[in-house]
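Those letters in the sequence shown? Residues 5 to 287, per the numbering used here, in order.
Some hints here could point you the wrong way.
[Said to hold, decoys possible] Result set (EDC-like, lysine to aspartate or glutamate): computed pairs, CA atoms no more than 20 Å apart in a straight line:
hint	residue 1	residue 2
1	LYS259	GLU225
2	LYS260	ASP246
3	LYS201	GLU227
4	LYS260	GLU225
5	LYS282	GLU225
6	LYS155	GLU236
7	LYS79	ASP134
8	LYS6	ASP139
9	LYS33	ASP17
10	LYS260	ASP284
11	LYS6	GLU107
12	LYS259	ASP139
13	LYS33	GLU122
14	LYS33	ASP62
15	LYS33	GLU105
16	LYS282	GLU56
17	LYS260	GLU236
In case anyone wonders, no lab produced these hints; they're calculated from the structure. Note that the coordinates shown come from a computational prediction; the quantities given were computed from them, not determined experimentally.
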Amino acid sequence: MKVGIMVNERKPDARATVRALMNVLVARKISVLLHQPAAALIGANESYSAQELAHVADVIAVLGGDGTMLAAMEKLGATDIPVAGINIGTLGFLTSCTDAELEFFADSLLKNDYSTSERSLLHSTIFHADGSYSDYTALNEIVLARGQTGKLISLQAMINGELLNHYRADGLIVATPTGSTAYSLSAGGPLVSPDAKVFVITPICPHSLSYRSLVINDNSEVEIIPQGTVDEPMFFTVDGRDIVPISAGSSIRVKKSQRSFRLIRLTNLSYYEALRQKLDWKG
5 MKVGIMVNER KPDARATVRA LMNVLVARKI SVLLHQPAAA LIGANESYSA QELAHVADVI
65 AVLGGDGTML AAMEKLGATD IPVAGINIGT LGFLTSCTDA ELEFFADSLL KNDYSTSERS
125 LLHSTIFHAD GSYSDYTALN EIVLARGQTG KLISLQAMIN GELLNHYRAD GLIVATPTGS
185 TAYSLSAGGP LVSPDAKVFV ITPICPHSLS YRSLVINDNS EVEIIPQGTV DEPMFFTVDG
245 RDIVPISAGS SIRVKKSQRS FRLIRLTNLS YYEALRQKLD WKG
C-alpha cells in the first residue's frame, strides 16, 4: 500500500504530525509518498505533486482541518482515490480522525477496516458579460455575495429554466449536502445527510424574513443572474476561495458535477457522532 501525505504546513504541529504519521506507516511496511509542501516541511528529498499523488497513491492522508481538505480536493482534481482527513486538533466534519489516532488510522488501512463516503460536487460556470466563461468545482458551496459595500444586492434565481425568486439580500449560497454544515448552516440553512441526493439554496441575510432555504433535487440546474446596478459590486466564491468579481450582464449556472470525492470513514466514528461533537448536542 502507498499512502500520500498532504499537509497544511501553517498548522503549529504540522511538522511533528507528518513525522509521526510517517513513523506509524513505515512501521507497518506501508510506503509513504510526500506531497511537496510536506516534504519541504521535514527536509525530505523525494516529493510528489498533488497530480502525481492522485495517480500513484492508494490512499491520500490530508493533515490539517476541513479547510485543508477543501484545498486538497481542488489540488488533486478528478481522482477516485479515497482521501482521509486527519485533523490537527479537534475533530472536523470532513476528517476521519485526529492526530491522536494515527496508530488506529494506520491499522485500519492495513486491515482494510474502513468505509468510504462518496460526496457529490458542484460544477459551476460563470458566463461573463464579455462573452468569456470559466468553470469551477466545489465540495461545499458556491456563493454569490455583495462586494465591499454595505449595500444589499439584487439577484434572480432560476431552477431548470423556471423562476424561483428575485432576492434582495447579502448574497445566495448553493450548497451540497457536505456543505450543509458550512456557510449554509451559518446562514440558517438545514443540516443534510451527506448521502442525500439534493442541493440547498440559502439566501444570506435576506431583506424579507419570508425568504428561506430551499432543498432541491441534485439533478436540477440552478442559474443565478445579478440584477443590480454598477454600484452593487458582487463576488463569486468557491469553497471560500477563487474570489471572482461579477459584473452586470454576467450569469452563473450550477449543477451536479460528473466527478465525486471519496472520503474515508473509520469504524469508530460516524457522521452523526461528528455532528454531536461539533455542534455540542446534549441530551
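Status of the hints after comparison with the structure:
1. LYS259 x GLU225: OK: LYS259 and GLU225 at ~5 Å, within 20 Å.
2. LYS260 x ASP246: 19 Å, holds
3. LYS201 x GLU227: 19 Å, holds
4. LYS260 x GLU225: 8 Å, holds
5. LYS282 x GLU225: Not OK: LYS282 and GLU225 at ~31 Å, beyond 20 Å, violated.
6. LYS155 x GLU236: 7 Å, holds
7. LYS79 x ASP134: This hinted pair is violated, its Cα atoms lying about 28 Å apart.
8. LYS6 x ASP139: 32 Å, violated
9. LYS33 x ASP17: 24 Å, violated
10. LYS260 x ASP284: Since the Cα atoms of LYS260 and ASP284 sit roughly 31 Å apart, the hinted pair is violated (cutoff 20 Å).
11. LYS6 x GLU107: 16 Å, holds
12. LYS259 x ASP139: Given that 20 Å is the threshold and the Cα spacing comes to 11 Å, the pair holds.
13. LYS33 x GLU122: 28 Å, violated
14. LYS33 x ASP62: With a Cα-Cα distance of about 14 Å, the restraint between LYS33 and ASP62 holds, given a limit of 20 Å.
15. LYS33 x GLU105: 18 Å, holds
16. LYS282 x GLU56: The hint is violated at about 33 Å.
17. LYS260 x GLU236: Status violated; Cα separation ~29 Å.
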